[in-house]
Structures are given as C-alpha cells and as structure tokens.
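Number of protein chains: 2
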Amino acid sequence: MSNPSLSSPSPTLERLNQTLEHEVPALFAALSPLGRRVIFPPDIPFQAAQARGKELNATIGQITDGRGGALRLPSLARGLAGLPDERLDRALLYSPVEGIPELRRAWREHQRRSLPQELRGVPSSLPLVSVGLTHGLSLVADLFGGEGCSVAVPAPFWGNYRQTFTTRTGARVVSAPALLDGRFDGAAIAQALAGVPAGEPAVAILNIPSNPGGYSPTVRERETLRESLIAVAETRPLVVVCDDAYAGLVYDDEIPRHSMFWELIGAHPSLVPVKVDGSTKEVSFFGGRVGFLTFGVDPESGAADALESKVKCLTRATLGSPVAASQVLLLEALLSETLDDEVEALRRRLGRRVAVLRQALDGVDRNLLRPLPFNSGCFALAELPEELELSADQVRLHLLEHQDTGLVSIGPRYLRIAHCSVAAEKLPELVHRVEQGVREMTRK
Amino acid sequence: MSNPSLSSPSPTLERLNQTLEHEVPALFAALSPLGRRVIFPPDIPFQAAQARGKELNATIGQITDGRGGALRLPSLARGLAGLPDERLDRALLYSPVEGIPELRRAWREHQRRSLPQELRGVPSSLPLVSVGLTHGLSLVADLFGGEGCSVAVPAPFWGNYRQTFTTRTGARVVSAPALLDGRFDGAAIAQALAGVPAGEPAVAILNIPSNPGGYSPTVRERETLRESLIAVAETRPLVVVCDDAYAGLVYDDEIPRHSMFWELIGAHPSLVPVKVDGSTKEVSFFGGRVGFLTFGVDPESGAADALESKVKCLTRATLGSPVAASQVLLLEALLSETLDDEVEALRRRLGRRVAVLRQALDGVDRNLLRPLPFNSGCFALAELPEELELSADQVRLHLLEHQDTGLVSIGPRYLRIAHCSVAAEKLPELVHRVEQGVREMTRK
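Those sequence lines, one after another, are chains A and B. Using the working numbering, read the first sequence as starting at 659 and increasing by one per residue. Using the working numbering, read the second sequence as starting at 659 and increasing by one per residue.
Because the hints were derived from the structure by calculation, they are not lab data. A hint or two may mislead.
For chains that are exact copies, the list does not tell them apart, and a pair is met inside one copy or across any two.
[What the hints assert, rightly or not] Mimicking SDA-like on lysine to any residue, the simulated pairs with C-alpha atoms at most 20 Å apart in a straight line are:
hint	residue 1	residue 2
1	LYS1084	GLY724
2	LYS712	ASP1051
3	LYS1084	GLY711
4	LYS712	GLU1059
5	LYS712	LEU1055
6	LYS1084	GLY727
7	LYS712	GLU1098
8	LYS1084	GLY726
9	LYS712	ASP998
10	LYS712	LEU1030
11	LYS1084	VAL1022
12	LYS712	ALA1082
Produce the complete structure using the sequences and hints provided.
Structure, rendered in structure tokens:
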C-alpha cells in the first residue's frame, strides 16, 4: 500500500475482504464487524503517498522548507542533537501511518535474527508500527474482538487486557486458570474455551514471558500448550495473540527464548497467530512507545496488503500516525553494532536480580508466603496462603503503610514483585519486609 | 488522581458520575455509554501512584537501576544526548498516563499566555496529554460520540473526522455547509443540527484555523458563530470541540488568534467547550505526537478529577501511556526563552508564502479555478467551477500525471494547496501548473 498506483485509485473493501477470505480464511472468519468494515481511506495520506517524488508536492499539512526538510525550531531540535543530521528531520516530521520503512525492515530482522534453524523458513509480515504494545493489543482487539467475542487469557494475567478488550470492544475476557499447584498448565486455554459453541471464533492471549508471573514454559510445557491450541483450532477459528512484551528476557538456559508465534505459524489452518512486540522492554525504551504488530503471512502476499490497509485505517482513526521521533531513535539503536551486547548486559543484570530474589524467597516461611516459579521477564509472584484469610490488597496497603514498601496486588491472593525496578542488593530486604508485613497481619 | 490516598482506595464509578452530573450537568448528559462507564481502574498504574516515594518500590514493570533511574542502553540514549542529563531518564521511562506534570502545567501557561484581558479569568483544566491531536479527537469521540450521535462539522472538512467519529464509534457526521458563495457562514452548524430532536445531545467541531480551508473567521463572523452555538445550546446539550491544531498560525492582523474555546466557556449552561490542541503544528513537532485535551473547568474541581479518571482509562485501554520522549523534548522547548521568537519567525515565513500564493491565485482565470479566501493555517482551497463538469479527483490525478504536481482533492470540486510544504518561490509555478492542468482537461 505504500506506493499506490495511479491507474487503480484504491482497492474496494469488498476486494480486500475477498483477498483475506481466499488467502487466510480462518483469519477472515475471526474478524470483528469493525475489522470487516475498515479499509485505509483514499484521503490525505493516501493521496500524499501517490504524490511522493513529484516535483511540486503540496499535499501534506506539515510545515517544511519546500524540499521535504523540516523547518527546525532550535529549542525543540536541540534535544535530538545526538541524531545524525540526516535523520533529525525524520524525527521531526510525520511518520507514514504504517511506520518508517527502514525501521519496519530492521525490526523484522531483529525479530528473526535468533530463530532456531527449523523455524527460519516460516513466513512473517513486515511489522506494522504501533504506539507501544498496548496499542498493538488494541488494534488486535479492534480487528478480532467485539461484543460477545471470547478472549481466553491464562490467569493470573495483566489486568489491562480487560480495558483493551472488554471496556473498548465489549469482548468477554475468559480467565483460564493456568497455575495448577503452582505449575504451568498448558491446557488451561482449551478448557476455558470448551463452553464456547463449536465454530464460533475465539481469541487466546499468550504472554510469554508472563506478566505478572515472570514465567516462561519449558520445552515440554510449550509442546502441551501448542497441541492444546491446535486442538482448539479443530473446533473453531482461533486467533492466538502472542504478547511478546518481555521477549528475550529469559534467565534459565534450558528455557526457549523465541516467541511461540513462530511455532504456531502454519500449525493448523484454523489457527491464526499474531505477534505483538516492541522496544519498550526489548530495548528498554519505555518512554518511546514503539510497538509492532506482525502477522504470520508472507510480506508480499495480498493478505499482508489487506491487513496493512485495515490496520492503517484503525491507526489513522485513533492516532493519526505513530511516533516518528521514537522510531528514529529506535532505528539508530538497531543499526548500532553494539546494541546486542548492551541488551545482553541488561539481561545478565536482571538475571543476577532473579538469582538473588530466588534465594531470598527460598528462605521465606511457607505459612506466610508461597513463591511461584519464575525464570524470565520482569516479575515474580508470591501467593498468600488461603488459610491466612488475607486479601492481596490488604497486604499491599499494609506494606505501604507499615513497611515503606510498594508491591502490586493481583486477583484474590497474589503479590507481584517487580524486580526490574529494585536493585539486587535491596531484594533480600524487600522479601524480608513482605514476610514481616504478612506476619504482623496474622497476629492482629 | 495523581496522588491517590490510601484510606479511600479508589472512587466508585457511581460517585464519579454523580460529581459530573452535579458540577457539569450538560457535559454529563452528553456522555456516551462508553463515556459513562469508564473509570481509571485501581490496577498497576493506580497502585504504582500510591507507592511513589516508598523506600522500596517494586510496583512498576520498567527496568531501572533500583533508584528510579533508567538503565540506559548507550545505542538508544545517544540520539537524545542533547537533553540535560536529568531529563534523559524521563524520556526513556514511562510517562504517567495523564502526562508529565511539569509539561501539563507549562502547556496550560502556553495556552493562556496571550489571552485578551477579558478572557483571562475563564477556568480551564490542566491539559491531559494525548498522542497527537487525532488521539485527542478520538478521546472526545469515545467520551461524547457513539452510535447515532450527531456530529456537525462545517464543510469542507478534514476527512479523518469520519474515521475518528463514525468508523470507530458509529456516530453520524453531519456536514454543515459553511461556505456560502465562498464566504464563511457562522450559522451552518445550527442549521445542520436543526433536524435533530430537541433535547438530544449533539457534538459540533470547530476547526479554526481550518483544514482544508486555511480560514479563520473575522470578529463579526465569530460573534455570529458564537451566538448561533448558544442558540443550539438552548435546545440541547452541545459539546463544542475546538480542534485548535493550527492555533496561532494567523497571517492577517485583524483576525483574532485565540481559540474560540475561551469565548465559549461559560457562554451557556448547556454548551460544553472542549479544546484539542498540541505541539504538532504549534511547535512544528509533527513526528512527536504530543497533543492535549482540555476542559473548561477549574483544575481543582471534582469535575476535572472525574474527567481525568475517565480519559486515563481510555488512554490506558488504547495506548498504555503517552510518549515520554516527545513530552520531554516539548517541555525543553517550552522552557526555552527563545521559543516564542522561533515560532514567530516560522509564522512570518508562512505569512510570506500566503502573500505570494494570494497574489498568484488572484491572477488565475476564474473560469478555470475559483480561489476561496484564506488567512491562516497551512492551506488554501480552490474550487473548480461546476460548469466544467470536472471532479477534483480527476484534476488531481491529471496534475500528478501531466504536471508533476501533487495536490489533495476534497469533496466534489475542491483542491487543497498545502503551502506549508512548498517554498514561497515555487508557489507561482504551482498555481500556473494547476491552472494549466485544468485548461488541458477542458480542451479534451
């Protein structure tokens, strides 16, 4: 869609949907009413794309020098002085709605750079740029959610899935209890969706490494999970959203680091994997809001074009275009030869925290606090024993008031420890305070 | 909402809505079903806000050094080297969902800095940060749009209002023909809404300076417009969205530069002005995506708190949080003593283009092209005479193919010239080519 030809002014919605129905029938069947009716409209950005390269181009409403360069206000441009001069203008001017082409290509390479040999041939689209991962999820929710749609999420899960899917689109989030006696249960999603009438499309969310669990399944657990998802796809079109926010942050050598997305592509004709990832955690750029949405289809396919048109319509309707400044900063980083080493150093640093935290949690009184296994991501979970009759939020408020310590409470009895924001040497003290806080409450 | 107390963990939705109904009854009456049901949930960002300042804070899932500082990847941070060291971390880490407090205060001052004496006392909320102006509009659409809601827009208008209001929320965009024989008609909105049953809330959009018109009404036209909106508010709750994207870019001295927003606050109990603005055009930061949403209420009021909670829920559901990096860059610019001069220099530069373009358009054959009055913003419109029986899009495609020139076509017979992206010395040639292109088509 980036170089629309003049002779065929704009594809019709009917043709776009026919292409999807033909090339990826399960994906088409799973589209929401909104997902079916969106198409990038032939208005300003479309017309501007057609005018690219013309000698006189008076299409776009951005202020330039007349040759495509920004009119830089020194007070604003100063902060970006670390960028090469030729890239500074791109940071100040609009991004294409689908994202900056070089960045999309660079991220696709980044995504595929360390795939196991047997997965290197699987197709994946050129990633579409979103404004952070939540925006990627909300695009998925717009495309595949909607009133009454069932969205299965392994619990405990990140609460914002409810806002993104339910509050906005009216979808029904189905909690899939994925911790059985503290162990990961790969069949939880299939069980949670068992009550949905056969043939009705559904969505499942995989968040590996997980938030709040800080857990990535083992090779065997992944296999169970994959087989279980394929079994669901036997009964209905199943969109599997791989929320790969914490991709790469894995601290145990025997745990696979690549996204389940790659193993799900082509696994079953009715299984539709979608990848949501970004630079927030992978490159530690929390303030940049650069995410990506990737489909398991060939970049040159009609399906890729059709999905790009639909996503661009949604992005334009909600945000206009994604953040050029952050995209340029991320592109600079991806082009740097030292980036991989910097990311690896960060992973090792977090790995040390995880080791310290594990040791500290190993020593806690199981009558007060039951740590769950964790091996990846930014978090660890501890469960309050049911017999204490304390809610996680009661404990959280007690810790704030009496232990000068902040944690996040989840569900009825989980406490989430974000080791990503605590120095290693403070973690034993933190665990001590949590234990102490719970003890105080049991004595009341 | 930025410092939630521990004793009252989170306000209920019922209480929030009661506050709005009591303090701003017309605004409450105009809320969409979605607008009524949203409230910032007491999950991670809420709990993290409660934990701010605690000695051990393990709430937020962002990677830090344990003392709130970013773990900067050199390849990423390099591009932002122009920022003072103490602000670099804020650019790399998450923004609060409502925006960075100093920026919100600085933008409020920026908004109010050149108000006429008689308007300096009007209340306005602390602006909420959005991801560019389109996101601000989509927040308004979520709050006040929805299935069947009438949204009146003076025509010709920016086509993306359709995506933002209709595609996303199902609202009905009502075109209000605001050009009568090439002159601005301040009563167009009232006429367009006349058919909507009395008592039913409605939305009107004011885009001054306008896109695509490049027009700002005169003092007298503003007065007509204001009175006409007040008359509508006699019959129904009326949300007036001031899309101030091009605020300040006014080139005729007798045309008021301040937003109509300020004159509408308090104008009628049933009139609800909302301001959408941002740094995209005002500070020429197209790639930054920093917008603001402002209500005509006191920053310390319960209504301001309630609206903030609702907007934060919508932002979190769609985007997580706004862009910290761009906010920090904008804050740096706003703190600069030379910014006003830089913006003024830019305005004068565009003013010269406008003068050149006017002169060129004055000379065109009115049988081929009829320029409309323009005095502000980034654009000028020319109308194709009806008797030529040419559509604007036919002419646009002809100009691309035969004159190496790109314009935007709008509605049946308008061509939009974005002088903001063409150098002054090229504008006469551009006008010549458009005239020439139309002439060629009439000879076929």
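Which hints from the list above does the structure break, by number from lowest to highest? 9, 10
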